[in-house]
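Peer 1: Each chain, letter by letter, is given below.
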Amino acid sequence: MAPKVLHFVTDFFVYETAKSVVVKSWSVGIINRFVQLLIILYFICWVFLHEKGHQQRDTGIEYAVMTKVKGLGYFNNRVMDVADYVVPSQGASSFSIITNMVITANQTQGSCPETDEKFNCTTDHDCNKNNSSNIGNGILTGTCLIDNSTNSTGMCEIEGWCPAEDDNVSGTPMKEVENFTIFIKNSIRFPLFDVTRGNFPSSLNQSYIKTCTYDPVRHPFCPIFKVGHILKQLNQSLDYITKRGGEIGININWKCNLDYDVENCKPKYFFTRLDAAFENSKASKGYNFRFAKYYQSEDGTEYRTLHKAYAIRFEIIVSGNAGKFNTVPFLINLVAAFTSVGLATVFCDIILLNFHKGADEYKAKKFEEVSEIVQESNRPYQGSQASIKALGKSSNDSGTFSIGRQELEGV
Amino acid sequence: MAPKVLHFVTDFFVYETAKSVVVKSWSVGIINRFVQLLIILYFICWVFLHEKGHQQRDTGIEYAVMTKVKGLGYFNNRVMDVADYVVPSQGASSFSIITNMVITANQTQGSCPETDEKFNCTTDHDCNKNNSSNIGNGILTGTCLIDNSTNSTGMCEIEGWCPAEDDNVSGTPMKEVENFTIFIKNSIRFPLFDVTRGNFPSSLNQSYIKTCTYDPVRHPFCPIFKVGHILKQLNQSLDYITKRGGEIGININWKCNLDYDVENCKPKYFFTRLDAAFENSKASKGYNFRFAKYYQSEDGTEYRTLHKAYAIRFEIIVSGNAGKFNTVPFLINLVAAFTSVGLATVFCDIILLNFHKGADEYKAKKFEEVSEIVQESNRPYQGSQASIKALGKSSNDSGTFSIGRQELEGV
Amino acid sequence: MAPKVLHFVTDFFVYETAKSVVVKSWSVGIINRFVQLLIILYFICWVFLHEKGHQQRDTGIEYAVMTKVKGLGYFNNRVMDVADYVVPSQGASSFSIITNMVITANQTQGSCPETDEKFNCTTDHDCNKNNSSNIGNGILTGTCLIDNSTNSTGMCEIEGWCPAEDDNVSGTPMKEVENFTIFIKNSIRFPLFDVTRGNFPSSLNQSYIKTCTYDPVRHPFCPIFKVGHILKQLNQSLDYITKRGGEIGININWKCNLDYDVENCKPKYFFTRLDAAFENSKASKGYNFRFAKYYQSEDGTEYRTLHKAYAIRFEIIVSGNAGKFNTVPFLINLVAAFTSVGLATVFCDIILLNFHKGADEYKAKKFEEVSEIVQESNRPYQGSQASIKALGKSSNDSGTFSIGRQELEGV
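Residue numbers (the numbering used here), protein chains in the order written: chain A, 12 to 422; chain B, 12 to 422; chain C, 12 to 422.
Quick caveat, the hints were computed from the structure, so don't treat them as lab data.
One should not assume that every hint holds.
Reference excerpt, derived from the structure (chain C facing chain B, CB under 10 Å, subset only) [claimed, not checked]:
hint	residue
1	F23
2	V33
3	S198
4	S308
5	E309
6	G311
A virtual CB, placed ideally from N, CA and C, is assigned to each residue, including glycine.
All chains should be modelled from the sequences, with the hints used to inform the complete structure.
Peer 2: Rendered as structure tokens:
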């Protein structure tokens with residue numbers, strides 16, 4: 012058995028490598044090197060330098076946003092402060108600044124006429140058709156209330172919070188919002204690399220942070236944004252947005268190359284209109300929502316003040332990714348690069364074997380032929396000889412044969 | 012030095028290509044082409060057509076959601092409108108519709124007996140054990156309040172908002188929620204391609220949007236969803252969910268092929284039960300939360316009405332990605348395809364060299380042998396000759412030798 | 012035409028495979044197998060076992076979080092319960108527990124002096140300079156209010172909610188927060204595999220869930236977290252955080268291998284300080300926000316109680332991905348593995364052709380040369396012969412030639 016094992020081991024440690032044909036042709040050689048150069052340049056410039064192919068990427072950014080709005084404005088002859096106009100008040104990443112309100116004070120549960128023209132009526136019959144509808148300030152009772160003294164058309168009666176809201180009445184929007192500032196504290200973490208960053212450097216002193224205003228050129232790391240500046244950047248009309256409301260996105264983009272000092276990992280800010288997709292749509296312009304403040308009188312009756320609030324809604328959208336050198340993607344791309352360099356051969360072979368002078372010679376040199384005949388020959392001693400075609404007559408002349416013959420002739 | 016440089020340049024521009032053996036065998040040729048065809052089909056059908064291997068993908072979708080609920084219902088003989096039952100009121104992507112409440116009115120700070128059976132007691136001693144516990148409506152004072160007139164078991168006394176909530180009492184749920192509608196305005200952006208889309212086309216006119224209701228077949232782009240329709244799709248019982256609350260997800264999925272017209276980039280909606288994972292769990296069914304409305308009496312005493320609200324919580328979950336033709340992934344996959352086609356050779360070689368008639372002949376043709384002897388031979392003039400084994404005796408017959416010999420014999 | 016087609020078909024089904032040189036050298040053979048072994052080990056251990064290269068990954072995790080805080084504490088001699096200190100109350104993934112407050116009661120619209128030292132004044136002139144500023148409790152009227160009886164410096168008068176907040180006054184923080192518990196219900200879904208999981212198994216019975224507390228070792232699946240435990244893990248001082256507020260992240264990480272039983276897909280929890288990035292920054296320590304409770308007196312005057320709330324803000328951050336066996340990535344990596352094994356040849360060729368004894372012999376065997384001369388020779392019958400260099404004289408001796416010669420000599 013020993014010889015068999017030995018034989019197996021010997022066979023196992025045999026080294027096999029491709030036999031190559033070396034072509035000493037300037038044209039093909041130059042084309043080959045040029046194509047290889049292009050491929051190498053592509054890998055260096057695009058894959059490694061631009062696409063950072065040697066880096067592992069962390070796209071699972073984790074973040075937290077804290078916001079704080081400051082400013083004072085007038086609405087309905089009252090001074091509004093943060094507790095009045097910011098909803099919700101906790102300083103989340105999404106918040107609204109109320110700039111206009113339709114206020115319906117002292118509503119109690121009861122019956123009263125509707126306010127919208129859609130509910131005009133002349134008989135009780137008119138007030139049944141919309142029974143199943145969700146539009147309106149209350150549930151229709153089916154009665155048409157007509158003030159006989161004026162003989163005009165009446166209004167359907169509703170049950171619910173009365174008096175009903177009349178949203179045609181509106182105050183003067185709080186235009187001071189233009190000067191309001193939004194302070195944004197954004198901290199991010201790339202879990203893969205365990206890198207934590209904040210949107211302003213620790214080195215910024217407190218007095219600078221308290222007085223600066225974000226400016227893309229002069230103060231790119233100041234975390235305080237003036238609402239007026241954002242509106243101007245988005246070409247939003249202050250008059251319109253304060254009256255009808257709107258939705259604005261503040262994007263914070265982190266794209267970090269952690270091969271450099273982590274201090275270079277800094278955010279970039281840009282602003283978007285969140286309703287940009289609906290710009291041409293006629294429906295659903297602006298932004299508003301309804302909320303109520305509830306009160307209770309001494310006798311226990313609950314009453315409320317309904318607010319239809321037109322607001323500018325801000326959403327802080329944080330995105331980003333980080334890259335850092337890692338042997339795994341580096342090796343993968345390096346192997347891909349080496350493999351691709353070999354592809355130059357495919358290209359040059361096409362030229363060499365088809366469009367080059369002496370293509371037939373190259374073919375003869377590159378290809379060695381063996382034909383099917385072997386399968387049909389069962390003659391024991393002649394098999395191997397018969398299996399080889401007379402290669403000299405084939406168009407794919409065997410280069411080895413030619414060499415052998417030539418040498419023989421030379422002898 | 013010049014000749015050296017010349018030599019180096021000449022060497023550099025030498026072109027090297029693999030020497031091939033061409034086998035004229037129908038069986039292997041057909042297998043080879045068939046395997047190649049399979050690989051090509053795989054790349055065309057799966058990698059390019061199905062997996063869109065020629066496209067660059069943007070998975071970092073940015074989005075904003077605005078919601079508006081409409082509808083009127085009855086609870087406790089009072090008409091409830093949006094300001095009453097939607098929390099939070101700002102129309103965010105996550106909101107709750109309150110359908111049932113346990114209301115504990117006119118609570119003031121003070122002392123009173125607990126309401127839950129867990130706090131039954133006969134002596135003060137019974138009321139100390141739970142001191143550190145978080146269950147209960149207030150902080151135990153350590154006193155057991157027993158109404159001596161009835162001689163029954165007593166209740167531990169607590170300090171806190173009194174009277175304590177008794178959550179066994181509950182009203183009739185607001186079943187009108189079935190007819191409520193949710194309007195969803197969702198705008199998305201693919202930052203890589205700078206494409207912005209909304210969940211309903213600009214072409215939809217306002218009157219359609221005001222009257223339509225979403226239907227997967229007839230109105231797939233209507234952005235108004237009826238709560239009853241969603242519950243029905245999820246096989247949720249209206250009775251149960253309005254009484255105990257529940258959590259529902261509205262998924263908006265964007266999968267866009269930006270090689271086609273951007274107008275084809277449209278959302279798909281589907282609904283999920285967010286608590287599906289806990290379906291079999293006995294703990295924590297439904298959904299509820301507590302909030303309070305605070306009042307102040309004329310003498311300055313603060314009192315509140317505590318609400319334990321059972322609600323249907325909706326979460327709008329936006330996901331998606333977009334693809335667009337890009338030369339980089341296209342080239343990578345094309346190169347991968349070409350490389351893979353070459354793998355057919357590996358498969359065919361195995362057949363050819365092991366299972367084919369005349370395998371030995373092919374081996375002889377494909378493999379050319381050179382042995383270790385070269386390392387041991389130091390004889391100057393005989394080295395090259397001695398280095399070559401007598402190949403005729405090896406099992407890996409050298410094909411070139413055979414050819415040479417055959418030709419010689421033929422001469 | 013038939014012969015042409017036949018010829019084409021014959022040519023098409025020709026099988027082409029690389030001609031190999033087999034080197035029977037122990038050293039190179041062993042190096043070759045060793046390098047191949049390293050590459051195979053790398054693919055098995057790293058690519059397949061560690062990186063799960065045979066799996067398709069779903070990184071688009073969809074999730075929903077529901078939270079519920081429990082506990083009772085004292086603030087300002089009043090018992091605070093969930094409805095008092097949790098904001099927002101709906102049990103969302105982001106919520107705050109108020110631990111300290113500056114309460115300014117009974118504010119009404121009017122005029123009053125400022126409270127901050129920044130607004131000290133001696134003449135009206137001092138009260139104009141800050142006109143455009145956003146700092147302060149109201150809008151400056153331009154008057155300096157000086158109490159002449161004391162002859163001290165005065166304060167600027169403001170218009171707004173009066174009296175102005177004086178945030179130097181503060182109560183005793185609610186330190187009982189240490190014993191509060193947070194119940195987290197987190198359900199996730201991997202849309203690609205349609206797998207839904209919850210953060211606690213259905214098998215946990217209700218009594219366990221009601222009494223357990225999360226502990227990384229003993230109760231890793233208990234969904235109830237004690238605030239004190241979290242603070243201790245983060246080395247946060249209870250005194251500081253209850254007084255000034257803070258931001259804490261509760262990360263829930265799902266990393267699932269769906270090749271195993273889905274029951275093994277379980278969450279891991281860890282805690283982070285969300286403001287860790289700003290640790291060294293002097294600005295913006297802690298976390299606070301302002302909100303107001305609005306009241307109305309019998310005569311209809313609105314008044315409010317302003318709260319500056321210092322709170323611990325919790326953010327539940329859910330992340331994760333799942334993998335499952337899929338033929339596509341498996342095949343891709345398998346092909347990559349096979350291709351890479353071939354790279355051992357590149358390495359061994361370098362050794363063989365440059366650093367090995369008898370390197371010249373191997374070169375002669377591996378490379379077969381054909382020179383440019385073919386391009387210049389136009390002599391019809393001598394072309395093929397002339398095109399072949401006298402290889403015996405070249406340094407890249409043709410191995411085939413040597414064999415032929417040797418055999419001839421042996422005849």
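Peer 1: Taking each numbered hint in turn, which are not upheld by the structure, reported in ascending numerical order?
Peer 2: 6
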